[in-house]
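Use these hints to put chain Z onto chain R, whose structure you have.
Line by line, the protein sequences are chains R and Z. No gaps in the numbering here: position 96 of the first sequence is 95 in numbering that gives the first Met the number 0, and each next residue is one more. No gaps in the numbering here: position 12 of the second sequence is 11 in numbering that gives the first Met the number 0, and each next residue is one more.
Not one of these hints is a red herring.
Label pairs and their in silico Cβ distance ranges:
| id | chain 1 | residue 1 | chain 2 | residue 2 | range |
| --- | --- | --- | --- | --- | --- |
| 1 | Z | R2 | R | E44 | 55 to 61 Å |
| 2 | Z | P15 | R | G37 | 25 to 31 Å |
| 3 | Z | Y50 | R | L208 | 40 to 46 Å |
| 4 | R | S36 | Z | S41 | 42 to 48 Å |
| 5 | Z | V47 | R | E38 | 43 to 49 Å |
Once the Cα atoms are required to be at most 25 Å apart in a straight line, the calculated SDA-like pairs of lysine to any residue come out as:
| id | chain 1 | residue 1 | chain 2 | residue 2 |
| --- | --- | --- | --- | --- |
| 6 | R | K140 | Z | A17 |
| 7 | Z | K104 | R | L170 |
| 8 | R | K119 | R | G186 |
| 9 | Z | K16 | Z | S89 |
| 10 | R | K2 | Z | K104 |
| 11 | Z | K45 | Z | I90 |
Just so you know, the hints here were simulated from the structure itself, not pulled from any lab data. The beta-carbon is built from N, C-alpha and C at its ideal position, and this holds for glycine as well.
Each chain is listed here by its residues.
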Amino acid sequence: MRKYIDFWVRAESFENALSLLEKLRELGFSSAVMELSGEALERLEELRKRGEGIGVKVYRKLVLKPSGRKDLLKSLRSNRGKYEVITVLCENLEVALVAARDSRVDSLVIPPRPGFRFDKGVAALLKNYVELPFSSYLENKLEFLETAIRIVEFLGRRTGIIVSSAASNPLDLRGPRELASILQVLGLSQEEALDSVSKIPESIIGRNLLKLSKNYVARGVLKIG
Amino acid sequence: MARRPKRRYLAVYAEPKANPEDIARAIESAYQELFGKLGLASAMLKPVRSYPDRGVAIIRCSLESLPKTILAIASVTRIGEERTALRILSISGTIRSLKDKLEEKNYSEKMGC
Chain R
0 MRKYIDFWVR
10 AESFENALSL
20 LEKLRELGFS
30 SAVMELSGEA
40 LERLEELRKR
50 GEGIGVKVYR
60 KLVLKPSGRK
70 DLLKSLRSNR
80 GKYEVITVLC
90 ENLEVALVAA
100 RDSRVDSLVI
110 PPRPGFRFDK
120 GVAALLKNYV
130 ELPFSSYLEN
140 KLEFLETAIR
150 IVEFLGRRTG
160 IIVSSAASNP
170 LDLRGPRELA
180 SILQVLGLSQ
190 EEALDSVSKI
200 PESIIGRNLL
210 KLSKNYVARG
220 VLKIG
Chain Z
0 MARRPKRRYL
10 AVYAEPKANP
20 EDIARAIESA
30 YQELFGKLGL
40 ASAMLKPVRS
50 YPDRGVAIIR
60 CSLESLPKTI
70 LAIASVTRIG
80 EERTALRILS
90 ISGTIRSLKD
100 KLEEKNYSEK
110 MGC
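Chain R extracted, bound-state conformation:
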């Protein structure tokens, strides 16, 4: 049976985070990758325990919005060991090209109607996953769909696509099938679409948990025993 993961949920207060986790459980998710700030970030361990009690595993996500290449690389250097997932919001082509191939980045978000062209050039460099936040779709459907169609067309063949809710309010959360439906409508099969909310995020988290473990030495090298 598939385990569903919401790859981006935003919370500022502890109570807000708890209400989001409860709703995620109700919708059928078993894990959540949360971008936390304020009080919710300070009480992370407590939140993880409460989450396990509810039935939702909590992972931390850092969302970077760098202005350029240097800014991105500096942020990655200082933060990679602290978060389970790092996502980069690509506001220009320079950032997109670096984020697309840096192994410290897990997913990149291309905003609706970005001010740059992404086509085969970006696709050729792409090693990381592309994330589609459903909250952007709810904000402006036309702009989001325009970009999502191009992402599926150019980047979808090279890499996996993740759909997340990016919600900060329980009313903005959607179930796994609802999130996956956007990729089905854009031409992916049901299985491929459901992978975007289950297998792909699961593999990223599994890989990163291994990297963050004490036994990890370097790529391909693990301490045993």
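Structure of chain Z alone, referenced to chain R:
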């Protein structure tokens, strides 16, 4: 002989609770906004049952248009002036099996059946 197109039935409710007729109207309007009148016509979208006391609507659509219908349901953020989210309780090929599924999942109270 042409076979009847396959259909799917979806049990949908709103958060916070709303009138099932308003739910059905909101879904139709979201579907039309996304896929146009032609799309709406070919989807065979139709409210078939409503449970006003529980706020649940059962919507029918063609099998081919199921992903589009799910996306239209997920697209609804308002009913009237109120901020809303529509949730799918279950999907099935017949109304009877839909009710069976809901009973299995203990949603029968929500359905009032």
